[in-house]
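All chains should be modelled from the sequences, with the hints used to inform the complete structure.
Chains as they are written, first to last, in this note's numbering: chain A, 1416 to 1760; chain B, 1416 to 1760; chain C, 1416 to 1760; chain D, 1416 to 1760.
Don't read these hints as lab results, they were simulated from the structure.
Note that this is a predicted model, so its numbers are computed, not measured.
Some clues are possibly wrong.
Same chains, same names: a pair is fine if it fits in one copy or spans any two.
[As the list claims (entries may be wrong)] Cross-link-like lysine-lysine pairs, in silico, DSS-like; alpha carbons within 25 angstroms at most:
hint, residue 1, residue 2
1, 1691, 1453
2, 1619, 1665
3, 1691, 1556
4, 1665, 1453
5, 1691, 1619
6, 1639, 1498
7, 1501, 1691
8, 1522, 1639
Protein chains: 4
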Amino acid sequence: MLRVGVLGATGYSGHELLRLLLNHSQVSIRKIVSESCKDRAYSFVYRNFTSICDDVCMELNWDSLTDGIDILFSALPYGLLMKHLKSDMLDNIQLIDIGVDYRFLDKHEYEYYYGMEHESPELADRFTYGLSEWNEDQIRKARHIANPGCYATAIELALLPLIKENLISLNIIVDGKCGLSGSGRTLTLGTHFPEANESVKAYKLTTHPHSYEAARGIELFCGKQPSITFTPHIVPMQRGLLITAYAQLKGTANYERIRTAYDKYYEGRPFIQMLKRGIYVETKWVRCSNMCHINFEINERTGMLVVTAAIDNLIKGAAGQAVQNMNIMNGYPQDTGLDLIPACI
Amino acid sequence: MLRVGVLGATGYSGHELLRLLLNHSQVSIRKIVSESCKDRAYSFVYRNFTSICDDVCMELNWDSLTDGIDILFSALPYGLLMKHLKSDMLDNIQLIDIGVDYRFLDKHEYEYYYGMEHESPELADRFTYGLSEWNEDQIRKARHIANPGCYATAIELALLPLIKENLISLNIIVDGKCGLSGSGRTLTLGTHFPEANESVKAYKLTTHPHSYEAARGIELFCGKQPSITFTPHIVPMQRGLLITAYAQLKGTANYERIRTAYDKYYEGRPFIQMLKRGIYVETKWVRCSNMCHINFEINERTGMLVVTAAIDNLIKGAAGQAVQNMNIMNGYPQDTGLDLIPACI
Amino acid sequence: MLRVGVLGATGYSGHELLRLLLNHSQVSIRKIVSESCKDRAYSFVYRNFTSICDDVCMELNWDSLTDGIDILFSALPYGLLMKHLKSDMLDNIQLIDIGVDYRFLDKHEYEYYYGMEHESPELADRFTYGLSEWNEDQIRKARHIANPGCYATAIELALLPLIKENLISLNIIVDGKCGLSGSGRTLTLGTHFPEANESVKAYKLTTHPHSYEAARGIELFCGKQPSITFTPHIVPMQRGLLITAYAQLKGTANYERIRTAYDKYYEGRPFIQMLKRGIYVETKWVRCSNMCHINFEINERTGMLVVTAAIDNLIKGAAGQAVQNMNIMNGYPQDTGLDLIPACI
Amino acid sequence: MLRVGVLGATGYSGHELLRLLLNHSQVSIRKIVSESCKDRAYSFVYRNFTSICDDVCMELNWDSLTDGIDILFSALPYGLLMKHLKSDMLDNIQLIDIGVDYRFLDKHEYEYYYGMEHESPELADRFTYGLSEWNEDQIRKARHIANPGCYATAIELALLPLIKENLISLNIIVDGKCGLSGSGRTLTLGTHFPEANESVKAYKLTTHPHSYEAARGIELFCGKQPSITFTPHIVPMQRGLLITAYAQLKGTANYERIRTAYDKYYEGRPFIQMLKRGIYVETKWVRCSNMCHINFEINERTGMLVVTAAIDNLIKGAAGQAVQNMNIMNGYPQDTGLDLIPACI
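Next comes the structure, spelled out in structure tokens:
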């Protein structure tokens, strides 16, 4: 039994982590840490946990954080972990960071995207990028994981086979759509129900950090630097993330070669499903699960490839992939605690 | 391992049954029967089952229906099962009917509510009413279950302790609210997205059959005949059912006596949670689970008791309670396959 | 041309007021006052006003508030107007208060519901209750209006004819449902999209002030004191309010007498429509309009009358009725600027 | 007073037409034609019209269709008008076709997109393409209008100034998002509430006819043939359409030159608003109005221009632009009956 701690437990990713970990046969939850809800029962904050988890949220104490646990999941907002994490804390435990602080850290990019200086860049090398299906060997050996972002996960899963096999141009446009849970639990006017419902918008049209992360991820696994123009959109729903990617086919690439490339990398992968030709990818088919659905078509008139991929932003895009990585790191079957059948209704 | 068949597998209740049964450790699904989708892969009808259940839906053949299975779940629209069910089919198998055909069957009431004559009233006596928490002893001995309706489940769970303990008047008003999945998968103008979204309505203001069922259920368990005025409403969401019940307190009934009555019947019941004083019942806290949440307040100015109860209409109100009943009938722990943590987001 | 000011212009009621007043042929908007958005263009706060109203929001200055205008609409949160309003301000202008501070003011009730002492109770007598259809004669003579609350409007419109004609018992249960705009623009966890969407809840089960207001309104127009048990619910939609009222019929009351009573008071009223027998009231049929739809059924088994009424909470429940009252006060046709065809899609 | 007929009056575009035309000062509605709802009161079909328009829907009789009216709006599904329209009918009346049958008709393309042979291609030349802001001079002289499609309207309005001024490459990617009303009133599984809500999907990834229409529109107004890769998406909301267009800047094009181009064509246009730099386009800001909002950003890292444009698919994308065209054809101010302030809440 792994002794587990969850940091940032009352955010949406933290909530999903607890839902997954409480039903995971190999772990025992020892610490539920939430600065904003300290001293409150978890089931008071999230009443769906009534009688399921009535533990009290602990204050965040960095000094004793790693005591008594084997693995820590961190789901903090950007900028907090990098301020407080110390090298010896990493020595003591496995750490899976759902946050952004150690994902392909580049000091200048970090300042560009997050508007603050990174305070522990020297620790970044100890983190392994946790795109489960593409970095399994490294994850197995790792003790500290930088868990991928939700959009970056979908973009990389959708594009990596094609770039790896040299089938598409590296100038790629990605148009993303995500439900409101992707914006987190912090109150903002943009996420106030009467403002968010019944509307769709593009935001951060050119400055969303996941375009950087996805490009670095592709570079890591393919050795090529793509140019990604990425525009995220907010659509009025709870969960779900869909990306629509556009790229020119290269050389002799055609429908069959594209499909063969996907099959090569994804056949037998329990969490990645290539849909049959002509079946539309929809976020509901993966909702509340760790699944990623992918499909594509070729626009014969313009020669453009259009790929769509859907994940649940909170699960495969956050907590689920984190648990998948924990499973890999600890030698459990990858789908332990993740055999969730999507709840399409 | 119980060998299981599901009849009406492509309706929403059937879909939820499959989601539950596929993750149930004690069953093996042998027959997925759907007349409307026969010969199609289940994962073609519901793409969330891609690679999870690609079995082909079988044609409905009444003659061989019970062959090779131990237990059959029927989730057919009203009027079908009562036309085709035969006594010897019941001899062969356990049957849990999620439909309405054998719930407190009264020939005249059946015609009143469903506009057709019941063709097998003689079989009704073989069915046990499956309100799990209130009829456990009978269910344990039963082989055929009439599984309660969604609204009836919530109404009975909310009112039974109070009527049993003689704390409220028997003239009760129940105002119900349910999401659109409660209307099923059949296409209607009222469930067309642009017609249903962003609107709330009352319907069947005086003729919803669940008021009859709830009254009979209360009579069965308390020996008293309540008068229930029930008005269902459709609210624009997928799942979830909330009832708000109004009744006059009797005699010396007060807050404490009400709470004591609830605790007497529900303490230790894993699927029924009395929320703490002042905490609002919300459907999201039970979504995608077999939970029922209940709370109440007393209007000191009018002496009226107001009880609210929430369930997931497709789970505790249909497929979940059916699995709970299967567990009871077969000696499994009640929560086998039902340890679902509600998905509030 | 009436010179108009709007106080609290950036709340949702203020926003609707501006939408109505800008298309009203008899008014000229002179002051748009918003403390929270002062010095910002109205079209910056609400981008739907881009190029339609780019005026800058003025700071709230109580001393000069009434200068240069003939009529002021106040849409402030409770507790502000009663603190600052002075008798001589009332002398200078017409005032329509969409807020609650002067509606059937009773000092003790005000403290009970709002938790603060009322500071200008002596001004309450100068306000006329603005239920347009029932108080038209008084409104015509009035200069200061306490505009009814949204729930109170629907409850009173639904019940007044029946109580006036002595057709129902005075013990009445009202179950209300309203969209999220009813909760205003202030950020709260309960109105955060991922918390509010896909859920329905009852709240303030016994303490919503509109039950008091509705009872006083009924007393004012009928001379009888009803006992109203009122429970509001939040349903996941933008706008729309539906009430479902339950009362016992009295004496010889029956379907025809009920309908006759409604016709007696509402025939020819442009904003109140009795739907035909059997047609369900739905909030979408009145959305974005000043309409109120009403219908009813009698439960023959329990003798209970069930009345449903729907309004747009922001229009007939706030800004629209305010404009209707302005029209009455100033001798304009009641529907000037209010000929809005509901937007059901 | 123009005597008006509406054909296909009970579809969503027809409904919006009636809402607009009933409040239009220069028209008198003479014929409401609906084959599917013939002999029913319009207010029975759409209860929001109760007491506003209780006229009975007429049967569709092609022989007498043009009798007694000056202008006909047709909102029929594809394939009907082209089957029945005759040259002499066009002689008698003005006709504004909201349908697709005469938009840039090419027989082969029509068969490709709609799977049927066009039966009256010889009439196509009599139709003028009704993109109001770009074809005003021709519309003024026209008697028969092919009203643009919703997506085509947004795409053309967003791209025309840039292509006209030679600022962007002609290889353009357009990612579209539209609410469910865009799918019409016909019942389908994909528009059934529990299937459509809480999900987003791409569909017709490479075969949506509006990409053809937009390309022809651009050719008409700029003399250049763009290559448009267009993917529409359905998002769970009632109304609203957003397009996100991606194109490479050409030569010396930069932020200022782009904005100057937009201003050149759109300054003073009441229905097209360029938002200020940094303000996000959102569908709610144009909801229930004839407005089009546009904004853009340049991705400095990839040199890609990203343009977003939003309209209400039923108004500027259908009924509103039709009324605007009627106004132009008949010498009324363009905004007659269209001074709708968007309903963002």
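Outcome of the hint check:
For the homomeric pair residue 1691 and residue 1453, the shortest alpha-carbon distance between copies (19 angstroms) is at most 25 angstroms, but the shortest distance inside one copy (48 angstroms) is not. Only between protomers do residue 1619 and residue 1665 lie at most 25 angstroms apart by alpha-carbon distance; the minimum there is 23 angstroms, versus 30 angstroms within a single protomer. In the homo-oligomer, the alpha carbons of residue 1691 and residue 1556 never lie at most 25 angstroms apart, since the shortest distance is 35 angstroms inside one protomer and 46 angstroms across protomers. When the C-alpha separation of residue 1665 and residue 1453 is checked against a cutoff of 25 angstroms, the pair qualifies neither within a copy, at 55 angstroms, nor between copies, at 42 angstroms.
Taking CA atoms no more than 25 angstroms apart as the test, residue 1691 paired with residue 1619 passes between copies only; the shortest distance there is 15 angstroms, against 33 angstroms inside one copy. Taking CA atoms no more than 25 angstroms apart as the test, residue 1639 paired with residue 1498 passes in neither setting, with 32 angstroms inside one copy and 55 angstroms between copies. In this assembly of identical chains, residue 1501 and residue 1691 lie within 25 angstroms of each other by CA distance neither inside one copy nor across copies; the values are 48 angstroms within and 41 angstroms between. Taking the shortest alpha-carbon separations for residue 1522 and residue 1639, only the intra-copy value of 21 angstroms comes in at or below 25 angstroms, while the best inter-copy value is 45 angstroms.
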